[in-house]
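Chemist: These are the residues of each chain, in order.
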Amino acid sequence: MTQTQDTPLLEVKDLRVEISTKAGSFYPVNGHNFTLNKGETLGIVGESGSGKSMTATSLVRLLPKHAAKVKSGSIKLEGRELLDLSEAEMRKVRGSEIAMILQDPQTSLNPSFTVGEQISEAFRLHAPGPKKTMRARAIDALRKVKVAAPEHRVDCYPNELSGGMRQRVVGAIAISCEPKIIIADEPTTSLDVTVQAQYLRLLKELQDDTGMGIIFITHDFGIVANLCHKIVVMYFGRIVESGSVERIFANPAHPYTEALIGAVPKLRGHKGRLTTIKGQPPAPMEPLQGCPFAPRCEKADSRCFAELPPTLDADGDGEHLASCWRVLDQ
Amino acid sequence: MGLRTALMCKKFKEYAVLKYLARRVASSLFALLVITVIVFLLSHLSGNPVDALLPDDASQEQIDAFIRDWGLDKPLWQQYATFLGNAVHGDFGTSLKWQGEDAMGFVLDRMPATLQLGGLAILMSVVIALPLGVAAAVYKGTPIDNSAQMFALLGQSMPNFWLGIVLIWVFSVWLGWLPTSGMGTIYHAILPAIAIAWFQVSALARLTRSAMLEVLDAEYIKLARVKGVSESVVIWKHALRNAAVVPLTYFGILAASILTGSVVIETVFSWPGMGWVAIEAIRGRDFPVVQAVIIAYAVIYMISNLVVDLLYVAIDPRIRND
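Those sequence lines, one after another, are chains A and B.
Count the first sequence with the numbering used here and you get residues 1 to 330, in order.
Count the second sequence with the numbering used here and you get residues 1 to 322, in order.
Be careful, since some hints might not be right.
Stated by the list, open to error - Residues from chain B that keep clear of chain A, each with C-beta distances beyond 10 Å, as calculated:
| id | residue |
| --- | --- |
| 1 | Asp57 |
| 2 | Gln149 |
| 3 | Val229 |
| 4 | Ile315 |
Stated by the list, open to error - A few chain B residues that face chain A, going by a derived Cβ cut-off under 7 Å, partial list only:
| id | residue |
| --- | --- |
| 5 | Tyr139 |
| 6 | Leu223 |
| 7 | Arg225 |
| 8 | Val226 |
| 9 | Lys227 |
| 10 | Gly228 |
The set of hints was computed from the structure by calculation and includes no laboratory data.
These numbers were taken from a predicted model, which means no experiment stands behind them.
Glycine included, every Cβ here is placed at the ideal spot set by N, Cα and C.
All chains should be built: construct the whole structure from the sequences, respecting the hints.
Modeler: Take a look at the structure:
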């Protein structure tokens with residue numbers, strides 16, 4: 001990546017989120033560092049429970065009240081610190097500057113309002129205009145996400161649409177106010193494969209048109225390879241590896257990343273069984289010494305069990321980071 | 001669902017709503033028919049209708065005339081047909097206790113009093129219960145939630161006739177703020193309405209709370225927040241609109257039971273409504289009036305349930321398409 005003078009679209013530094021329960025507290029997001037530039041797609045990859053969704057939710061400051069809070073760190077949107085904004089100011093950022101696509105299209109639309117009402121609500125909040133034009137603008141947004149017959153679908157209720165169609169509507173809501181960043185939290189997990197491919201292509205096209213940044217959360221390395229420019233791999237609330245897609249696929253530095261890549265089915269070449277990762281991630285409040293992945297890692301040695309590896313520079317140019325002791329041995 | 005269906009969406013919806021309502025009205029009418037059968041048979045089940053409908057000291061002449069007038073010598077189905085024919089025209093015979101009064105007319109004269117008291121009680125329950133339930137859900141686990149639950153529990157633990165008596169004692173006898181009984185001004189209605197409403201507030205508030213808790217966890221609530229919708233709009237528009245179906249279902253039962261079940265409270269407060277008529281008619285073995293009251297209550301039940309069905313259609317689009 002070339003050095004630019006521009007401030008990055010989104011810059012997250014040392015972000016820590018604490019969840020406190022009666023049994024104790026833990027960090028589902030523990031010391032995150034990453035940046036997102038204009039027109040770039042960042043993939044956040046990891047198993048369920050690794051803290052991916054928590055990362056996304058903390059970026060728009062919608063963590064569950066009382067239970068979770070941002071402990072430290074900084075989230076800068078074009079240089080503006082989001083953590084310092086008031087709740088009212090933050091509401092103006094949500095939906096207009098940072099939009100989000102949620103996981104399950106079956107449940108992420110409100111069953112009591114028409115598609116048009118739900119899209120135009122975003123307009124009313126962030127880009128108000130005459131009431132008469134709301135419907136036309138909603139139809140326009142539906143057309144952008146390639147919904148067929150938008151003039152009719154705009155009056156439909158969510159229960160009258162298919163899963164893929166609903167997820168397009170959620171997409172339409174997200175892009176309606178031309179946000180700078182879209183956070184997509186496993187948007188295609190519950191869609192079937194062909195619909196999934198169409199949806200991903202659509203996201204890519206929208207990005208090409210608008211130059212928005214996308215943060216794509218998934219557990220599927222196959223999708224990441226197709227869609228993303230950069231990857232952040234999460235394990236147990238920590239970023240264990242980050243870098244460009246090309247470098248990480250060619251030369252994964254963390255055994256966990258390696259295992260995830262090995263778990264993706266390939267069309268040609270690779271025959272035989274897919275690799276699986278043995279064991280389970282540790283329980284959130286388990287006291288840990290050393291690398292949290294060590295108990296499941298085939299390459300772990302005594303040092304891995306004794307000491308948490310720091311974030312290390314895997315390729316010597318600061319562009320590919322991994323927290324694994326093995327980096328030092330290479 | 002394909003494109004064709006999408007194109008049909010609007011037309012289809014109107015058609016579906018009409019079909020749904022027609023079905024509801026038809027099933028209500030059928031239920032009403034069954035009730036007339038039961039009401040008709042009641043006078044026969046409880047022994048000879050002559051015994052039931054005539055005073056004990058009636059002469060043989062009166063009995064013969066009665067049998068002739070009422071067609072009691074005819075087969076049962078013919079008698080029912082006559083009963084039904086008369087009932088359709090609102091004719092349930094004349095009252096025995098209140099000499100010369102038309103039975104249904106007499107009951108209908110008392111209906112406004114019952115509707116007035118019941119209406120106030122319903123209004124009270126909804127206006128108090130909904131915000132209470134919503135607040136309890138939004139502030140789950142806080143003192144606000146606890147006090148709301150306490151208030152609800154209190155209402156459900158007190159029998160309403162007892163609450164009525166306590167209210168009279170405190171507000172009428174002791175403080176002297178409100179009249180003890182009877183009907184006249186709005187002040188007369190306040191105590192009986194509270195006595196009826198408190199129990200209902202409890203049930204309604206608890207239902208609202210649990211429905212809201214479930215809805216507030218939904219993904220579409222998160223999506224609304226993600227859009228930048230303010231918290232009060234999220235709660236009162238996005239969440240309550242969906243949670244409302246649950247308390248609304250109960251609201252049908254509530255409205256009907258307030259209107260028909262105020263028998264006890266009407267007696268405690270000497271409120272001259274239908275409940276009071278029902279008690280007096282039963283006491284006086286005034287069968288025509290009892291029959292008229294039962295049918296009137298049945299119609300009230302049906303209408304309030306139909307209103308609820310209509311409200312369903314208004315708030316939940318999923319019901320429209322089923």
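Chemist: Check each numbered hint against the structure and report the violated ones by number, ascending.
Modeler: Violated: hints 3, 4, 5.
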